[in-house]
Structures are given as C-alpha cells and as structure tokens.
Amino acid sequence: MSHSKFCGVLLAHVVACLIFAMRLSAQEPSLFDELTGGGVKLTEDVIVALPLPTLRDGLQAADRAAAARTVTGKQDWDQFARNSVMAPVTIEIESLLDRQGNRVGHKIHSAFLIYTNMSKIRDQDFMQQAFARPSGSDEAQSIVTQEIPDAELHQLGLGDAVSENTSYAFLELPLLNKVIVRGVMRIEKRDHPGVCEFFWKLDTRFNAVEKYASQWTELQRNTVGRLEVGASHAYQGCAGFMGVYELDAAQNQLLVESRMILHEPSEWFAGSNFLRSKLPLSMQENARSFRRKLAK
Numbered sequence: 026m027s028h029s030k031f032c033g034v035l036l037a038h039v040v041a042c043l044i045f046a047m048r049l050s051a052q053e054p055s056l057f058d059e060l061t062g063g064g065v066k067l068t069e070d071v072i073v074a075l076p077l078p079t080l081r082d083g084l085q086a087a088d089r090a091a092a093a094r095t096v097t098g099k100q101d102w103d104q105f106a107r108n109s110v111m112a113p114v115t116i117e118i119e120s121l122l123d124r125q126g127n128r129v130g131h132k133i134h135s136a137f138l139i140y141t142n143m144s145k146i147r148d149q150d151f152m153q154q155a156f157a158r159p160s161g162s163d164e165a166q167s168i169v170t171q172e173i174p175d176a177e178l179h180q181l182g183l184g185d186a187v188s189e190n191t192s193y194a195f196l197e198l199p200l201l202n203k204v205i206v207r208g209v210m211r212i213e214k215r216d217h218p219g220v221c222e223f224f225w226k227l228d229t230r231f232n233a234v235e236k237y238a239s240q241w242t243e244l245q246r247n248t249v250g251r252l253e254v255g256a257s258h259a260y261q262g263c264a265g266f267m268g269v270y271e272l273d274a275a276q277n278q279l280l281v282e283s284r285m286i287l288h289e290p291s292e293w294f295a296g297s298n299f300l301r302s303k304l305p306l307s308m309q310e311n312a313r314s315f316r317r318k319l320a321k
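Numbered by this note's numbering, the letters in the sequence shown go through residues 26 to 321 in order.
Derived from the structure by calculation, the hints contain no laboratory data. These numbers come from a predicted model, not from an experiment. Don't take every hint at face value.
What the hints assert, rightly or not - In silico lysine-lysine, DSS-like type, Cα no more than 30 Å apart, as pairs: (1) Lys236 - Lys132; (2) Lys203 - Lys99; (3) Lys99 - Lys303; (4) Lys303 - Lys321; (5) Lys318 - Lys66; (6) Lys203 - Lys132; (7) Lys303 - Lys318; (8) Lys236 - Lys99; (9) Lys132 - Lys99; (10) Lys145 - Lys318; (11) Lys132 - Lys303; (12) Lys236 - Lys203; (13) Lys303 - Lys66; (14) Lys132 - Lys318; (15) Lys145 - Lys321; (16) Lys203 - Lys321; (17) Lys66 - Lys145.
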C-alpha cells in the first residue's frame with residue numbers, strides 16, 4: 026500500500042461508518058459527553074479525553090471567527106484559507122504515554138478549509154462517492170463495513186442501545202499491510218444549522234459475540250510473498266469525531282475538523298515511529314483529494 030493512500034485507510038473507518046449515520050436524527054448524542062468527559066480507555070492505566078471541537082456549541086459569532094483562526098497552527102490565515110486544492114492542512118500528532126513513559130497511542134488533530142454548499146456535505150450519495158476507495162490487488166487492502174440492523178442488536182441483547190440518533194457498523198480495517206483492526210463502531214450524529222458532526226467509538230460491549238469482538242490481527246507474508254493472517258489480540262481505544270462547520274455562508278467557506286484518539290500496541294510497528302512518520306503527508310494528500318472531488 027502506498028504512503029499516499031495511508032490516510033484514506035486510517036480514516037476510512039470514520040467515513041465509512043459516517044455514511045451509515047447520515048440517516049440519523051439531530052438529537053443530542055450521549056457519546057459526545059462520554060468521549061469529551063469520561064474519555065477513551067487505551068490501557069488499564071491510560072484514559073484520555075477527546076478534546077472539544079474548536080467551534081464548539083455556544084460560541085458567539087466573534088468568538089467563532091477567532092477560534093477558527095486558532096486551527097491554522099503556524100500557517101498564515103490568508104494562506105490557510107485559500108480556495109485551492111493545494112491550500113494548507115493543519116496536522117498535529119501528540120504521543121500518549123503511560124506512567125512508565127511508554128508510548129501507548131496518539132492524539133491526532135487535523136483541520137482544513139473547503140468551499141462548497143453545506144447541503145452537499147449532508148448529501149449521502151456525494152459523501153459515499155467522495156470517500157470511496159477502490160480495492161487494490163492485495164487482499165489486505167479491502168475495507169469491510171457492515172451496518173448492524175436494529176433487529177440483530179435486539180437479538181444480541183443490546184436493544185437498549187437502539188435509538189434514532191445512533192448507528193452501529195462492523196468494521197474490518199487493514200493498516201499498512203501489518204495489522205487488521207476489527208470491531209463494531211458506535212456512531213452518533215449532531216446536526217445543527219451550519220454544523221454537521223459525527224462522533225464515533227469502538228464499542229467493546231460487542232466483545233462477547235465472537236464475530237463482532239474488538240481485536241487486532243497480525244498480517245505476515247509467507248515465503249512466496251502472500252499475506253497471511255496471524256494471531257489475534259484484544260483491542261480497545263479507538264474513538265474520535267469528524268465535523269464540518271460553516272464559517273462564511275456567502276463564500277460557502279467550511280471548516281473540516283477531525284480529532285482521533287488511537288491506541289497503538291507496541292507489537293504493531295515494534296515501537297517505532299512508523300505510523301507517526303507516515304501520517305502527516307498522507308492526511309494532507311487525503312484532504313487534497315477530497316477538495317478535487319468537491320470541484321467536479
């Protein structure tokens with residue numbers, strides 16, 4: 026898998042599940058409070074709260090404008106706000122450490138501007154087309170997502186999890202032909218005038234059901250170079266949000282922001298900086314690809 030496609034793979038679990046959630050209502054999601062308050066459990070000792078969206082609820086117009094400018098990082102606003110495929114993308118990655126100083130995960134933040142009508146972002150068909158990824162020749166590159174029907178949730182004894190603002194989807198996600206992450210994503214939507222947000226979390230309540238259990242699986246190449254599935258291990262600690270925010274309706278100027286908490290077991294990449302080193306360039310290329318599709 027090329028590095029230029031890495032972000033599409035890493036973030037595809039957000040977007041693929043997001044497509045399922047397009048049908049949901051605009052009720053206030055409890056998952057927002059859970060992630061930003063209680064946090065995301067990476068290990069027994071490490072629980073990390075998801076930061077609030079930069080353009081969080083309750084900001085006045087002047088405060089929103091000032092807050093929006095904080096996402097540019099070291100970039101000048103005029104450069105960041107260019108209506109161009111090549112305009113900058115802010116990418117910040119913070120290592121998450123346990124008490125012994127060992128890295129156990131990452132806090133990932135990205136932001137960039139797009140120019141389009143908000144209704145286009147809310148269109149399910151467009152979003153599915155914009156984020157569609159063709160399968161490669163290698164079988165491990167295929168991303169599998171399957172929405173879990175309400176009827177099956179009831180059969181699994183999770184009927185209390187069913188609500189009109191919540192969706193569940195089983196995910197099978199390959200990472201760099203080294204690991205496959207599997208599990209059920211819980212997705213909740215917040216849709217207000219000028220705002221469309223999706224909060225998501227790997228839901229470990231499904232672990233009692235073998236086919237839905239949250240786990241990561243090793244991928245190894247045999248003597249002829251073909252990928253084979255190795256041992257599987259329990260996995261937790263994957264959550265985040267993706268939001269689109271209207272900044273200037275007259276110019277169709279929208280801010281796209283995402284935040285992710287991602288547990289990285291040391292066995293994935295032998296404790297190296299491989300994941301962290303490949304992510305920024307790939308996220309930038311993913312944003313540019315999205316802008317190109319908007320322009321069509």
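Structure-based check of all given hints:
| no. | hint | in the structure |
| --- | --- | --- |
| 1 | Lys236 - Lys132 | holds, 28 Å |
| 2 | Lys203 - Lys99 | violated, 33 Å |
| 3 | Lys99 - Lys303 | holds, 20 Å |
| 4 | Lys303 - Lys321 | holds, 28 Å |
| 5 | Lys318 - Lys66 | violated, 36 Å |
| 6 | Lys203 - Lys132 | holds, 21 Å |
| 7 | Lys303 - Lys318 | holds, 23 Å |
| 8 | Lys236 - Lys99 | violated, 45 Å |
| 9 | Lys132 - Lys99 | holds, 19 Å |
| 10 | Lys145 - Lys318 | holds, 12 Å |
| 11 | Lys132 - Lys303 | holds, 15 Å |
| 12 | Lys236 - Lys203 | holds, 21 Å |
| 13 | Lys303 - Lys66 | holds, 25 Å |
| 14 | Lys132 - Lys318 | holds, 28 Å |
| 15 | Lys145 - Lys321 | holds, 12 Å |
| 16 | Lys203 - Lys321 | violated, 34 Å |
| 17 | Lys66 - Lys145 | violated, 35 Å |
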